[in-house]
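S.K.: Each chain is listed here by its residues.
There are 8 protein chains.
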Amino acid sequence: MEKDRVLRILNQFAAGQIDQEQAWLALQPPAGTDLDFARPDLQREDRCGYPEVIFGQNKSAAQISEIMQRLAEKSSQPILATRCSEEKYRLLQAQIPQAVYHAQAKIISLTREEPVPRGLVAVVCAGTSDLPVAEEAAVTAGFLGARVEKYYDVGVAGIHRLLNVAPALQKAKAVVAVAGMEGALASVVGGLTAAPVVAVPTSVGYGAGFGGVAALLAMLNSCAAGIGVVNIDNGFGGGYLAGVINRQSCHEENA
Amino acid sequence: MEKDRVLRILNQFAAGQIDQEQAWLALQPPAGTDLDFARPDLQREDRCGYPEVIFGQNKSAAQISEIMQRLAEKSSQPILATRCSEEKYRLLQAQIPQAVYHAQAKIISLTREEPVPRGLVAVVCAGTSDLPVAEEAAVTAGFLGARVEKYYDVGVAGIHRLLNVAPALQKAKAVVAVAGMEGALASVVGGLTAAPVVAVPTSVGYGAGFGGVAALLAMLNSCAAGIGVVNIDNGFGGGYLAGVINRQSCHEENA
Amino acid sequence: MEKDRVLRILNQFAAGQIDQEQAWLALQPPAGTDLDFARPDLQREDRCGYPEVIFGQNKSAAQISEIMQRLAEKSSQPILATRCSEEKYRLLQAQIPQAVYHAQAKIISLTREEPVPRGLVAVVCAGTSDLPVAEEAAVTAGFLGARVEKYYDVGVAGIHRLLNVAPALQKAKAVVAVAGMEGALASVVGGLTAAPVVAVPTSVGYGAGFGGVAALLAMLNSCAAGIGVVNIDNGFGGGYLAGVINRQSCHEENA
Amino acid sequence: MEKDRVLRILNQFAAGQIDQEQAWLALQPPAGTDLDFARPDLQREDRCGYPEVIFGQNKSAAQISEIMQRLAEKSSQPILATRCSEEKYRLLQAQIPQAVYHAQAKIISLTREEPVPRGLVAVVCAGTSDLPVAEEAAVTAGFLGARVEKYYDVGVAGIHRLLNVAPALQKAKAVVAVAGMEGALASVVGGLTAAPVVAVPTSVGYGAGFGGVAALLAMLNSCAAGIGVVNIDNGFGGGYLAGVINRQSCHEENA
Amino acid sequence: MEKDRVLRILNQFAAGQIDQEQAWLALQPPAGTDLDFARPDLQREDRCGYPEVIFGQNKSAAQISEIMQRLAEKSSQPILATRCSEEKYRLLQAQIPQAVYHAQAKIISLTREEPVPRGLVAVVCAGTSDLPVAEEAAVTAGFLGARVEKYYDVGVAGIHRLLNVAPALQKAKAVVAVAGMEGALASVVGGLTAAPVVAVPTSVGYGAGFGGVAALLAMLNSCAAGIGVVNIDNGFGGGYLAGVINRQSCHEENA
Amino acid sequence: MEKDRVLRILNQFAAGQIDQEQAWLALQPPAGTDLDFARPDLQREDRCGYPEVIFGQNKSAAQISEIMQRLAEKSSQPILATRCSEEKYRLLQAQIPQAVYHAQAKIISLTREEPVPRGLVAVVCAGTSDLPVAEEAAVTAGFLGARVEKYYDVGVAGIHRLLNVAPALQKAKAVVAVAGMEGALASVVGGLTAAPVVAVPTSVGYGAGFGGVAALLAMLNSCAAGIGVVNIDNGFGGGYLAGVINRQSCHEENA
Amino acid sequence: MEKDRVLRILNQFAAGQIDQEQAWLALQPPAGTDLDFARPDLQREDRCGYPEVIFGQNKSAAQISEIMQRLAEKSSQPILATRCSEEKYRLLQAQIPQAVYHAQAKIISLTREEPVPRGLVAVVCAGTSDLPVAEEAAVTAGFLGARVEKYYDVGVAGIHRLLNVAPALQKAKAVVAVAGMEGALASVVGGLTAAPVVAVPTSVGYGAGFGGVAALLAMLNSCAAGIGVVNIDNGFGGGYLAGVINRQSCHEENA
Amino acid sequence: MEKDRVLRILNQFAAGQIDQEQAWLALQPPAGTDLDFARPDLQREDRCGYPEVIFGQNKSAAQISEIMQRLAEKSSQPILATRCSEEKYRLLQAQIPQAVYHAQAKIISLTREEPVPRGLVAVVCAGTSDLPVAEEAAVTAGFLGARVEKYYDVGVAGIHRLLNVAPALQKAKAVVAVAGMEGALASVVGGLTAAPVVAVPTSVGYGAGFGGVAALLAMLNSCAAGIGVVNIDNGFGGGYLAGVINRQSCHEENA
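Protein chains in written order, with our numbering: chain V, 6 to 260; chain L, 6 to 260; chain C, 6 to 260; chain S, 6 to 260; chain E, 6 to 260; chain U, 6 to 260; chain Y, 6 to 260; chain G, 6 to 260.
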């Protein structure tokens, strides 16, 4: 609890404006807001700078809709729900007509005021099959306030395609490298730029790719430094981390 | 190759100052500097902002010494060699007396001018056994120019110890969370701060910890967003990424 | 075989009330009751204090119905069948109209006399997706005679939600901690209560969660003591163990 | 923070006995006690009923000694350090002469007043190679106040050995089943008793036992209910959980 | 090539009955019989005592039918095709009306003369869900000429059910132990009988059973000796090995 | 960039035929040809001797069609798309009527001039279930210009079938060995021929085959030398490598 | 308990020769014989036909000596202790001078009367590195009464070496196939003989052999039927199973 | 057996020069040459073009010496023994003074006539730690008759180092790519050359590299075609395969 609030309560009690029991209660941390099925973390934005993002995969449209509205009451930033099918979006639209669907990224957004894009997050991916994950990263970073540039299908087997975009990458404040199969993209990108690289392994590939494990291990074992890895197919996580890094860099820039 | 240099060569050739073969050669990318056993990447600092860091584990003191000197000729930033035993350091000291050994971090450094600490990287770890990895991270981040604060032994089974340091963490530009066993520290830290969190799993623990795999998986599956993971026991990688994020934030700050 | 029964047989034989062959047979352990497809363990309640629970997953409604009735003849405690779809329940209802379906927990119960809830089992879960497993645990513990309180969606990334319910947890005789993803909930709960904690990993999550393995490993490697782990998604197993612990504590209480 | 303490501070402030800043500080949670290398969790006993147990494996004798003394100042219960070699004990004895070494269990204990053994924890193990782990469990449970009975070398390939001890197991308030290889002991024991069973897999065995993984998986997949599993070779964890269950049962008994 | 045949060819050539080229060809090993899609191993019965068994899973009814007929031309023993759906059987029946379907075992058989059952193979399984695999084993052993007795649902959590059938198991020349989950059945059976035990792990169970891996590992690590393990769910393999052992024992018996 | 081209640009600039900016641009590596969704690697044939092969699995018929046409503009060699369903082919045929479908291999080809088969690639497989993978290898090798001979269903359990075809294998310039289950085929073939062996593990088998992992490991651990392994079910990769080896051998032959 | 003994007790009681308590006790199963550290299973030979074999790995020479003597009192068959170093043997020899050491097999034996070798067990191994495991199997089978023939270094990469010994294998009543690396030996042997094959994977090999896992999986996935697999490096287990099969075949032979 | 030899035997028999038994024996395949401990495959060179290579790891110097001499009697090509320590070499030198030791590659060679280097095998490795494996590959390829060029320390994080050597790689008939950590080298090399690439993963790296598994998986999942993978750290296997490809290409060249 922030100091101001504690002092206010202390003074109210000392002044007799509130009684002992009221002071006791007021000094408790604010209770979570209970829905029947969920306790949205309404203080998340205060602590982490961005409201809770809804993981839509196992939730019904009705549940997403209810949490989304609850979060939107508290925040002026965009509210996001990831891993939502188009069908789920259609059902939700009945409740929240202004919600927008980002089809490739499978994200539903509810935006009061568009963030002004600042800084630069570059999203690169190795093959066309990695596109949905890359889009999830790009859309997420965008909603965290980043200007986003995308360079897709720049796999390392045709290394000149990647070298061609190197100058562009070097201007970014964070690069998201999305790749399945052998996941070598992260290492090569990591050796080409001074910015932090967020590596997102994808489950693209077959056989001994083991659903993204090969790419994940490659990225964790990268011979280049300055690389942080997120979960397999976790485009949201990658875009979020890149967005946070970008925001912080720009925040400082303007301070 | 940067445009200026290309234009200069073109003009020299057109002016007849160099002949056709010389121009051809000059347009080739600069060759790596070959030692007998290694090709130090002398352009790394230009591309990535920091000179190549030597992975000392499988190299002899003589090899490390030779690479270190070669790198130091090109850069005014500190040159680092990680995973070096004290014995290796003693041998190297004969060649490079001004080299310094950081015992817990097992890092040898060669510094021409001390970087002025800027920004803030916080390093937290879950137990005393995680200390060597945490120190590797802290020392590395320091050499990348970060002011470093350390909060050790703040495991989640005594959650109040962690909550006590939360205000400190919230001032950092990057938090390095080092933990073995169940690796839950990253998730709790991730929920307490707006800064990017770099998670470093350690091989501390036994049995079904599988040498750090349990902690690694926990960190990759964190329910908190804004977390990037590095390899098991890779304190260097964690400190480097945090240092890069911190540097970039401060660079912007001052621009 | 209990001593009384052996003595009775010995005396009957000595008294000539039964002959040698009858005595031989009577001294054999009671044969299992063979259905065509199963041998219900009718002595389970005598040995373990609770009748056999039917694992419904690979059995037909007819099979479940037949075993359920056979078990109900022997016991006055509730008979349970877990992992039953609603459709299976509908078919079974034709045979056993008084059977009840617990939809979220996917449990069918057949109760002669409701157990009076005693003691307290607290069921906490990390996210709304863990709900079906948590419900399976809660319903099971209830049928084993426990009073049950549920605290859902209290994941560690919003640690204050969990701290808010800590006082409630501290009153329980057993806490069931249900979590997927990084499974950190068990460790934090384990550090907040003196009661035994039963950890249930769930397959919630994606990518490198490996269907619950990440959470399972985290729970096995918990830095908190006093935690026992059950199989992935095994809400029944978690609720049963908690129910047994609770029952034993209360049994002693009243003795 | 307990209510009484908050009310006292409020009243002191209202009465002008402390000023605003003092009240603010007093309302903060008590800071951990920092040693140079560790932050002993001195409130653990208040929250969990037993003081922090020291994991001795990666700590020096001096570190263990210092933490042990710090913990002993706060608690009248026995202070334990697990995974300590005999050599470490010898060094520590110079500092704490009254410390006792339990050689097979590799535990150092520091006891002010011996707990009066209550209830009953039975420790069974499958083979003589499992003995060190079983002893670690037995010693731990004993220090948590349990009367302990041991039944060793009762593996399932000679099932009558186990059946012979079944009546004894049925009197226990918790059974610790320690087994390597195929880990079948837990399932058979689980089917013989109404008490909660704590299963401890060991790394005994070779080849496809994978250092205890085979036994661990067997125990997690037990066809018997009422079993909680701890980490491989974690005799301490098994004994602690059994001790907690036993204590709670007896606590109720006497209440 | 058997000696007789070589001598005959040598003598025919020496006698001028065949020329040099014919002798060369005759000395070549007999070519496999090529269908378009398969080369049935028509010498299998000569080498191994039983004709090739068709693995039906990835073959069409037409393919199975064609191979079956080709094999039946060479052998008077039953021809088997495993892993065949009922639908595949219906299609095949049009071609081979005398073929018989064993529904639970999913085996199609084509029998010229029924083998007279000899010896004894006992098939035990742990739960009702293991039944299809147990049936595949039982049917296979039967076609290899064994008298088969089945004892199903005798899992180790109700150990008396298993002890009740122990006398029966002790009469068998081979016991097939089929179990999923923790697979403990094999160890207990192995300790109760002098006959070889063939252990068949099944994929029954969930979570950390990993599709039969837990049971497989348990069986490989059994503390009882005299146990051979086959692949997960490989009822055919288990029944075949037991059938071979039984046949050999009886063959000797009658010799 | 090849030397000739650089010299030409230098001379054009020196001759004033192009200005400084034009020379700068011309000295840049040729940009990839961007479609909306992909950057076909049009220089692949120059670098690697064969145009890019399209991995059809996650691409729409329209996307494949567009890339195929773009690649065909640059190359006179056959353009291939692998992992295409028949339905995808039908849709594509509307755009490219001359495209051909290879049903078992699931490859679409677009051929301007048929390559004249040279050398010899032998494709052997262990069972009929491995056929689709073997066909993918055979078709691929054929389009790379190899004469292809196929020997299917020559598994090692009937070793004479394999020995019968050994003389044929010994004439090949590369042998592709395709096998699932225990993957022993590669080792036996490797011991029978002087040619390089390309081993392709398949996911055929069940249980502890783990989707081809058992075969993959067997092939990597072969006791025979001269074997290179490709990914599970990667018939294309196996055929391509064999085709490259064969082409190079013949290329030399004719040079 | 055998019927005779029960009837005798009944009659003794009815005749007044024993009282009620004595009869009760006499009807209990015989207790195991407790040493301090172990409960030798003295009834093992009655149930399984061979006395318990001592797993010597984690036992002291004194412990082995004591158990060995206890077992030898009950049985006239050879008593074995496996996995014993030569040093352990030397210590034990002081207690049991007549004990014999089998150096390559690392087995200590104590034999009252040599078993007359009957039947035939063939032991084949793939390479010279597999020799210790093969010897452990051969010695064990010998002590179970089998005549043993050994064919070592017959790996499948030189298939003719194996074919040369095929006629010998076809005379065996059981074949033990010992192989590391890709473990293909079991499949080829399985296709050459009608006898049951016991496959023993070894940890010989490196890299992706994963300490015998590759060979283990290969053997479990063998395309040949009639193969039972034991644990990695478990020569004892392989020899025991083969010995049991051989004994049973010969037992019948002579009956 | 070659046709000529069969015809000769036939004619000898017909001519009465040999009798029936002699003819029978002569038609048997030549028996392996048995040493006590090994059966050197003396026909390997006839079948595979190169004599058997001795895997020295688990063999004594005496054993290696004996096999080496036996092989050298049959072949004029170099005889190799891999994985030999320097100490083993010293012992062997006493027996075979002309044997040579290749220290970094840990290979002992025995050469009658030096092969004339032909063609070109390029060996590239990612880091200095990969050197021993790379040397094993280079030495092996050399003894198979290849001219060898080495390009070490050209990891992908400094991509220009690799691009600099690309023209050299493009002249090779086979490229061996040796890399640990993330193993990305193989993919980038595969995209730069038309020659077959042999990928050798190494166990270099730490943590989640899992002893080379990360690199192995990366290489199997390469997005570049024309790559064959060998076992982890198997420099011999990589060099052998490259040598075979090179030999075959040059053989054709000169034919």
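Please note that the accuracy of each hint is not assured.
[As the list claims (entries may be wrong)] Away from chain Y, derived, C-beta distances all over 10 Å, residues of chain S: (1) Gln22; (2) Tyr106; (3) Leu115; (4) Arg152; (5) Asp158; (6) Arg166.
[Said to hold, decoys possible] Derived pair list, reagent style DSS-like, types lysine-lysine, alpha-carbon separation capped at 25 Å: (7) U:Lys176 x G:Lys79; (8) C:Lys176 x C:Lys155; (9) L:Lys176 x V:Lys79; (10) Y:Lys79 x E:Lys176; (11) U:Lys176 x U:Lys155; (12) G:Lys155 x G:Lys176; (13) L:Lys176 x L:Lys155; (14) C:Lys176 x S:Lys155; (15) Y:Lys176 x E:Lys79; (16) E:Lys155 x E:Lys176; (17) V:Lys176 x L:Lys155; (18) G:Lys79 x U:Lys79; (19) V:Lys155 x V:Lys176; (20) C:Lys79 x S:Lys79; (21) Y:Lys176 x Y:Lys155; (22) S:Lys176 x S:Lys155.
Rather than coming from a laboratory, the hints here were simulated on the basis of the structure. Since we're looking at a predicted model, the values are computed, not measured. From the three backbone atoms N, C-alpha and C, an ideal C-beta is built for every residue, glycine too.
S.K.: Output the indices of the hints that this structure fails to meet, ascending.
M.R.: Violated hints (numbers, rising): 5, 6, 14, 17, 18, 20; every other hint is consistent with the structure.
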